[in-house]
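2 protein chains.
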Amino acid sequence: VTAAENCPPELVDLAHSMADAAGTVARRYFRTPIAVDTKPDSSPVTIADREAEAAMRTLIAARAPAHGIYGEEMGAARTDAEYVWVLDPIDGTKAFITGKPSFGILIALLHRGIPVLGIIDQPILRERWLGAAGRPSTLNGAPARVRACAALDKAVLYATSPDMFKGADAAAWETIRRKAGLVRYGADCYAYGLLASGFVDLVIEASLQPYDYCALAPVITGAGGVMTDWHGTALGLASPGQVVAAGDARMHASALAALTGARPASG
Amino acid sequence: VTAAENCPPELVDLAHSMADAAGTVARRYFRTPIAVDTKPDSSPVTIADREAEAAMRTLIAARAPAHGIYGEEMGAARTDAEYVWVLDPIDGTKAFITGKPSFGILIALLHRGIPVLGIIDQPILRERWLGAAGRPSTLNGAPARVRACAALDKAVLYATSPDMFKGADAAAWETIRRKAGLVRYGADCYAYGLLASGFVDLVIEASLQPYDYCALAPVITGAGGVMTDWHGTALGLASPGQVVAAGDARMHASALAALTGARPASG
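Protein sequence lines correspond, in order, to chains A and B. To get the numbering used here, take the position in the first sequence, counting from 1, and add 908. To get the numbering used here, take the position in the second sequence, counting from 1, and add 908.
Simulated from the structure, these hints should not be mistaken for lab results. Glycine included, every Cβ here is placed at the ideal spot set by N, Cα and C. Among the hints, erroneous ones may be present.
Stated by the list, open to error - Taking beta-carbon pairs under 8 Å as the criterion, some of the chain A residues facing chain B (in silico):
| hint | residue |
| --- | --- |
| 1 | G1007 |
| 2 | F1073 |
| 3 | L1102 |
| 4 | S1105 |
What the hints assert, rightly or not - If you want the ones that stay clear, here's a sample from chain A, every Cβ over 10 Å from chain B, calculated:
| hint | residue |
| --- | --- |
| 5 | E913 |
| 6 | L967 |
| 7 | A969 |
| 8 | S1147 |
| 9 | A1157 |
Take the sequences, apply the hints, and build the full model.
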């Protein structure tokens, strides 16, 4: 049995401990007056992001020192290792700094490049989605399951912001949002949790980094959904950053067709 | 002392009871499989909206039978009364039906047409902002206070969706969102609570109904902020549905100038 078939339980335990530690940091700083720095890519970062990532790295160093790490705030180490942790200590820092509890702690574990574990944790609402190869996804320990919805014009579609779609991506987004039944913005990673639990049918985003999306795929897959890049390719560290998650495989196929059809042949 | 100077305490108590009752209904139906009907204006409505409004109306009938009511789901009665309650049992029904706890119960009390009390209640997070004439606004009983921020290019700006700006409003929105420091979507009425608590500097919306905005003004004002329509006029039942709320009066003035400057002379 490989990790892609069954994620080792001790690594699931480690991931829970990491989410616990990062959540403690996030709760301590949420809605307190902390400085907001601007990173070279103009995205904001705070002491909460840095301390939460440090807390997770400390646990990896203690319990799985040979594993690689790819973290948003503190860089990459040993990414050629058999196991690599991909960490976003606070996904949705913009929501975090405005006091809105839709941000999340994202923890992914890759085995030979394939995401085999994902956690989406909202530490203020204390909601944690877990997806791990070989077991059904859960929300706070109870089964999380997608809902069926095949028709795009009935779909609830989420994206964090229309501003995340640049260049040709904007035209593709415009095409699909006009076909969707209901379009909502502003949920950050929380939208993927809602999809895994059967309240949302489709999440389409772009301009993402590996630490933004790697944790989401195992949660969606283990809940019965499908998540790939816009070309239908499985997600990994080298993916292009455009993702589509659907609760229903037929919806996923329709979304891919709509996204691809809207893009120029050179795209 | 008039109600515009001091909202009578027994009416504040009644408003709390109404929010409690509506919250009980909302929690009972949140994330359960309920039917979603479509209203003539194509907005969604559920049994939770209707039961929550009915619960509030029952309390008004029992404790203030002479008061008028203007409710989203069950219509208007006695709107020429000295006191009129303006009710949105679930503001953000689209968020509600997708399992996202950013919706809110909105309760306003108008005295001779002027909003003298407002409640923004998020029943899942159990957060309640209260604004009442003659007293400081509160979040769960503790003082809520806006923050100072005069410069538009430093402002955190929220709107529920860019799709709410139609026609000339869209051009005005585009102008101001380009000037803002950080733009976020998707918070519904919760954004105004965040502004009252000093985490957001500006909320600009359009296409609103009286039950969407009347409850917000007393919360913002009592927290030290300013909220009017896009022309700087105080809000009431006959307002045009375009609102601007700011934590800092200088920000409010800048926003009005930016919004007005962007609109055609005929607008």
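Are all beta-carbon distances from E913/A to chain B longer than 10 Å?
31 Å, holds
Is the Cβ of S1147/A farther than 10 Å from every Cβ of chain B?
Check passes; 25 Å lies beyond 10 Å.
If you take the shortest Cβ to Cβ gap from G1007/A to chain B, is it below 8 Å?
This hint holds: G1007/A lies near chain B, its Cβ roughly 3 Å from the closest one there, short of 8 Å.
Hinted contact F1073/A with chain B - closest CB pair below 8 Å
12 Å, violated
Over 10 Å from every CB of chain B: does A969/A meet that, or does the non-interface label fail?
34 Å, holds
Could you check that no beta carbon of chain B comes within 10 Å of the beta carbon of A1157/A?
21 Å, holds
Interface hint check: L1102/A, Cβ to nearest Cβ on chain B, cutoff 8 Å. Holds or violated?
OK, holds: L1102/A within 8 Å of chain B, min 5 Å.
Just want to verify: L967/A was marked as not at the interface with chain B; is every Cβ pair farther apart than 10 Å?
29 Å, holds
Residue hint S1105/A, partner chain B, criterion CB-CB below 8 Å
Nearest chain B Cβ about 7 Å off; hint holds.
In the structure shown, a violation is registered for the earlier hint numbered 2 alone.
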